[in-house]
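Residue numbering for the sequence shown follows the numbering used here, beginning at -17 and increasing consecutively.
Since the hints were made in silico from the structure, they are not lab data.
Computed from a predicted structure; not experimentally measured.
Even for Gly, the Cβ is constructed at its ideal location relative to N, Cα and C.
Don't take each hint at face value.
[To be verified] Derived BS3-like pairs (lysine-lysine); straight-line CA-CA distance at most 30 Å:
| id | residue 1 | residue 2 |
| --- | --- | --- |
| 1 | 159 | 42 |
| 2 | 43 | 159 |
| 3 | 43 | 134 |
| 4 | 272 | 130 |
| 5 | 159 | 272 |
| 6 | 43 | 272 |
| 7 | 130 | 43 |
| 8 | 42 | 272 |
[To be verified] Computed Cβ-Cβ distance ranges for the label pairs, DEER-style:
| id | residue 1 | residue 2 | range |
| --- | --- | --- | --- |
| 9 | 335 | 297 | 31 to 37 Å |
| 10 | 154 | 198 | 43 to 49 Å |
| 11 | 83 | 338 | 44 to 50 Å |
| 12 | 312 | 83 | 18 to 24 Å |
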Amino acid sequence: PPDLNQTLPWGAGVDNSSQEWVARRTAAKEKNWPALLILVIIALTVGGNILVILAVSLEKKLQNATNFFLRSLAVADMLVGILVMPVSLINILYDYAWPLPSALCPIWIYLDVLFSTASIMHLCAISLDRYLAIRNPIQHSRFNSRTKAMMKIAAVWTISIGVSTPIPVIGLHQEDKVLVNGSCVLNEERFMLIGSFVAFFIPLVIMVVTYCLTIQVRQASVFLYQSKTSSPAGAAARRHRLPGPPRSASTPLTLRLGSPATGASRSEAAGCHGRRGMMQAIKNERRASKVLGVVFFLFLVMWCPFFITNVASVLCRGACDRSLLHDLLNVFVWVGYISSGVNPLVYTLFNRTYRRAFSSYIRCRY
């Protein structure tokens, strides 16, 4: 007969429950590593862009048109780290089931689109501004004051707000356009398609074309200047201080070619000073182009996969694996977010003034 006092099944049940509890705890700990990594990325993004904002605001050497744009870009990237990335992390932890009030979903998507649009618009504006500066340096320098730079930045933000404003308007009136099966995702195909072109692909083309034209004009100007200075006629022209290649108004070097000469020796000294100053201007322009080229390249490489996949998800519809595209978008959007924290690293690597400023601020030496 069975022993009614037998306790083995109960003990075995306790062991099984304990093992399941330990397994769940272990799984939870393993899942927290990606979350910890994301928290580090968020902290670096916010901290790095705060350093950029401080550097441009406090360092006189960095206060020029291009760096004003970069400071405004840093504001957009910092806000991505403060307002967008933490909510996205919460979304991941809840397995993409939106845990916040439904009214916050379209607002979060709006901020996400706003700041990513602002980033590409800033880079597009920088590229256009530098091209105009090197193409028509006299006219550009005449009208390129600090106030003008701020007006251009305000225009960039206005365009970005205009592009992203339809999202909360649509989402607050039609919840199914932003909440799909409990997940907070934009589900308005026309906006996804048109918005991708207006907010990314068209500015991308403008940015790449103007950047290439800037390099072409700069190289032609340098060649013209060098051919003038190497010829006998160029030597006479230097004594009369012919202007060299057009200098971008964003280059933080002011050339002083001296007052009219009163003698041959003074003229030659002034000519040497002018040549040294002009070569320094060319060197600075090349360095600035290199830094901006790296910033442009990294931004495009890190955001292109998301926008290409976003357009593909609309165009191919039933022909594509929707689940795969959804998973790819979730990965690629974080690659784009990471680009918000990359720029401060680029400035640190390629610009000595930024590097010194960051070092001072980290040690609380303002």
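*So which hints don't hold here, by number, going up?*
Structure breaks hints 1, 2, 5, 9.
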